[in-house]
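For chain Z, the structure is supplied; the task is to place chain D on it using the hints.
So the sequences go chain by chain: Z and D.
Counting in our numbering, the first sequence runs from 22 upward without gaps.
Counting in our numbering, the second sequence runs from 22 upward without gaps.
If a hint is listed, it holds; no wrong ones were tucked in.
Restricting the straight-line Cα-Cα distance to at most 25 angstroms, the calculated cross-link-like pairs of lysine-lysine (BS3-like) are:
| # | chain 1 | residue 1 | chain 2 | residue 2 |
| --- | --- | --- | --- | --- |
| 1 | Z | Lys65 | D | Lys117 |
| 2 | D | Lys177 | D | Lys117 |
| 3 | Z | Lys106 | D | Lys106 |
| 4 | Z | Lys113 | D | Lys71 |
| 5 | Z | Lys106 | D | Lys113 |
| 6 | D | Lys117 | Z | Lys29 |
| 7 | D | Lys106 | Z | Lys113 |
| 8 | D | Lys109 | D | Lys51 |
| 9 | D | Lys51 | D | Lys29 |
| 10 | D | Lys117 | Z | Lys113 |
| 11 | D | Lys177 | D | Lys216 |
| 12 | Z | Lys71 | D | Lys216 |
| 13 | Z | Lys216 | D | Lys71 |
| 14 | Z | Lys65 | D | Lys177 |
The set of hints was computed from the structure by calculation and includes no laboratory data.
There are 2 protein chains.
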Amino acid sequence: MSTANAIKLYAAATPNGIKIPILLELLGLKYDYQKINFSTNEQKEDWYLKLNPNGRIPTLVDSSTGVTIGQTAAILQYLTDTYDKDHKFSYKFGTKEYYKQLEYLIFSVAEQGPITGQLGHFTFAAPEKIPYAINRYSTDVKRILGVFELILSRNKEGLFLVGNHISIVDISVLGWANNLARVNIDVNEFSLFSKWLESIKAIPEVQKGLTALN
Amino acid sequence: MSTANAIKLYAAATPNGIKIPILLELLGLKYDYQKINFSTNEQKEDWYLKLNPNGRIPTLVDSSTGVTIGQTAAILQYLTDTYDKDHKFSYKFGTKEYYKQLEYLIFSVAEQGPITGQLGHFTFAAPEKIPYAINRYSTDVKRILGVFELILSRNKEGLFLVGNHISIVDISVLGWANNLARVNIDVNEFSLFSKWLESIKAIPEVQKGLTALN
Numbered sequence: 022m023s024t025a026n027a028i029k030l031y032a033a034a035t036p037n038g039i040k041i042p043i044l045l046e047l048l049g050l051k052y053d054y055q056k057i058n059f060s061t062n063e064q065k066e067d068w069y070l071k072l073n074p075n076g077r078i079p080t081l082v083d084s085s086t087g088v089t090i091g092q093t094a095a096i097l098q099y100l101t102d103t104y105d106k107d108h109k110f111s112y113k114f115g116t117k118e119y120y121k122q123l124e125y126l127i128f129s130v131a132e133q134g135p136i137t138g139q140l141g142h143f144t145f146a147a148p149e150k151i152p153y154a155i156n157r158y159s160t161d162v163k164r165i166l167g168v169f170e171l172i173l174s175r176n177k178e179g180l181f182l183v184g185n186h187i188s189i190v191d192i193s194v195l196g197w198a199n200n201l202a203r204v205n206i207d208v209n210e211f212s213l214f215s216k217w218l219e220s221i222k223a224i225p226e227v228q229k230g231l232t233a234l235n
Numbered sequence: 022m023s024t025a026n027a028i029k030l031y032a033a034a035t036p037n038g039i040k041i042p043i044l045l046e047l048l049g050l051k052y053d054y055q056k057i058n059f060s061t062n063e064q065k066e067d068w069y070l071k072l073n074p075n076g077r078i079p080t081l082v083d084s085s086t087g088v089t090i091g092q093t094a095a096i097l098q099y100l101t102d103t104y105d106k107d108h109k110f111s112y113k114f115g116t117k118e119y120y121k122q123l124e125y126l127i128f129s130v131a132e133q134g135p136i137t138g139q140l141g142h143f144t145f146a147a148p149e150k151i152p153y154a155i156n157r158y159s160t161d162v163k164r165i166l167g168v169f170e171l172i173l174s175r176n177k178e179g180l181f182l183v184g185n186h187i188s189i190v191d192i193s194v195l196g197w198a199n200n201l202a203r204v205n206i207d208v209n210e211f212s213l214f215s216k217w218l219e220s221i222k223a224i225p226e227v228q229k230g231l232t233a234l235n
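The shape of chain Z in the complex, shown without the other chains:
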């Protein structure tokens, strides 16, 4: 009889969803995956809202600590706080690098994610073409990529958003940077950012994580 893993991930293969298996692969943690079916609005069912009042994916339940947690960036932070004691994929609590990591993680979730998401909506999903909205969000996605380009240009320690190794910031930013051609954004206009993107995607655990929820 198979034994359940301590970690259970409720998710789907979205720009946010894929971030969690990428980190779980890097941390070498086994987990059970339950795909949430958007076509039946499963994420708004009562049983799921008990786990995640926002009714969105991903949610992680860790029976070894008793923690149930939603919101992608919070899950990334929780997992490294709990399982990255050697700080291979994060920076130590209270250090200057930790607060750079937190600042850029918040930037990723407060601006990169929502703005790229709105660009996707007005490019693909909206029932009418609204040039003003497409231009607004396309312009802002490019501005945001320019901020990442500036951050990378200032980091003399390596091609990472913070410090000399990959961290949850790189994973967070990757999720929304992986498919920008779909929204007519050419990442090659940002030379450091496009190099960074290729180097992060070349990591075997990242490759594995990127397709783990398909």
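Quick look at chain D alone, frame taken from chain Z:
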């Protein structure tokens, strides 16, 4: 001769800006305030981008720790990590309450802030009236307020988003909940949320912080 305070805040009186003086007042911390002039695009000047590559407010510089940090939620977390050792306005690192605080803080910055911001843009700033966009963001702001209503209804410890006292989550959510009538949202449709809002705003330090940047 007056001595500069250790903490310097670069900000302006916006829904994000006001969150920082509210917390600083609660923590009883003195600070110097430099208003950033949006009308001259001061937030995009080189000297400011050195402090904050995103070119947005607020930014906090703490000369007593050497930390310079941007992004509102990151600043709130930094200040309580550093100055709220008794956990009067935050929850202890690693506890279940800490991760609820983090989850809802991320929800506030990843959804409440950007979506309310977009509603404001399409209500006031956009050069053309686009009913589709106004309806889209108005509907989502109401959905988000419904999530806060659900969170409040589940908390049996008090009228707070987490636990039995005010925390950085309440401060974060307040910043964007304070002026919803301006975007034609009636918070009274959400009974617990509107009670919560009144009770948080009644705290003297919150009142002082709300107008500190004017």
